[in-house]
Structure formats: structure tokens, C-alpha cells
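Asker: Everything in the sequence shown is counted per the UniProt record's numbering, starting at 1 for the first residue and increasing by one.
None of these hints come from the bench; they were simulated from the model.
Keep in mind that a hint or two might mislead.
[As the list claims (entries may be wrong)] Below, computed lysine-lysine pairings styled on DSS-like, alpha-carbon distance capped at 27 angstroms: (1) K86 x K34; (2) K69 x K34; (3) K113 x K126; (4) K3 x K113.
[Claimed, not checked] Derived CB-CB ranges, DEER-like: (5) K34 x S12: 17 to 27 angstroms; (6) K34 x E87: 18 to 28 angstroms; (7) H63 x K34: 16 to 26 angstroms; (8) K34 x D130: 36 to 46 angstroms; (9) T43 x T94: 14 to 24 angstroms.
In this text, all values refer to a predicted model and were calculated from it rather than measured experimentally.
We treat Cβ as the ideally placed atom computed from N, Cα and C, and that holds for glycine.
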Amino acid sequence: MKKLYETSATASAGRNGKVSSDDGLLSLALSYPKEMGGSVEATNPEQLFAAGYSACFSNAILHVAREVKVPLSEAPVTATVAIGAKEEGGFELTAALSITLELPEAKAVEIVKAAHQVCPYSNAIKGNIDVVLTLNGKSI
1 MKKLYETSAT
11 ASAGRNGKVS
21 SDDGLLSLAL
31 SYPKEMGGSV
41 EATNPEQLFA
51 AGYSACFSNA
61 ILHVAREVKV
71 PLSEAPVTAT
81 VAIGAKEEGG
91 FELTAALSIT
101 LELPEAKAVE
111 IVKAAHQVCP
121 YSNAIKGNID
131 VVLTLNGKSI
């Protein structure tokens, strides 16, 4: 892989600590989610993953649209990330992406499917995390 960008972040004490990026632009307190015994006063890794995935996938849609010469200025994506216990022990994640595009259905489906192949987050988790795609309220 030819690196285009690289960054790093450091967590100090897991889910009940702090996390910060190497450039200092990101500096957040962390907590377990309320549903897992934490507080509602700090973010958690699942929220951070959902934020990153939604932004990255939205950009992948805009990238694909530009490549196929479809004018698109917005590509709203909501990422929902869940954590759960695996039967054999440990934990796992699931993800669902809800996309809204004001395009004819066939073209929108084509662009979203291509974006799923282009998005680095989608590529990173392929085969490891189940991802459900919904476009304009319909599963694809």
C-alpha cells in the first residue's frame, strides 16, 4: 500500500481513560456506554468508530459519484455500531449504514455498492464484521 496519510492516537486507560491524537486535535474522555455500566459524560470507542465509518462512507459515496460523473454534493450516512458478547467468549461488533441519496434508485444502489468496495473502513472490516446497508429506507 502506498500511504497517503498516517496518524496515531493513544488511549491512557482503556474505556475509562482518555484518548488523544498525535497532533492534539482529538482529545476526549472515554467511558463505558451507560448500557455497560458507564456514564453518559464521555464518549466510547463504538461512538468513535460509528463517527469515523459514517464520515468515511459518505466520502466514498461522493468519490464514486464524481468518478461516474453524477453530481452529488451531499451523501448523508448514519452508522450504527453495536457491541456484544460472543458465545465462545470475547466481544464482537456489528455495523449498519443508513444512506440517504436523492438519486434515481438504480443509480443510487450502484453508487452505494461501489462505495462499499472503495471505503477503507468497509475494506478493513470485510469478512470480520457484519455490515447491513440501507438506502433510502430499503435494505440493499
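Asker: Against which earlier hints does the structure fall short, listed by number upward?
Answerer: 2, 7, 8
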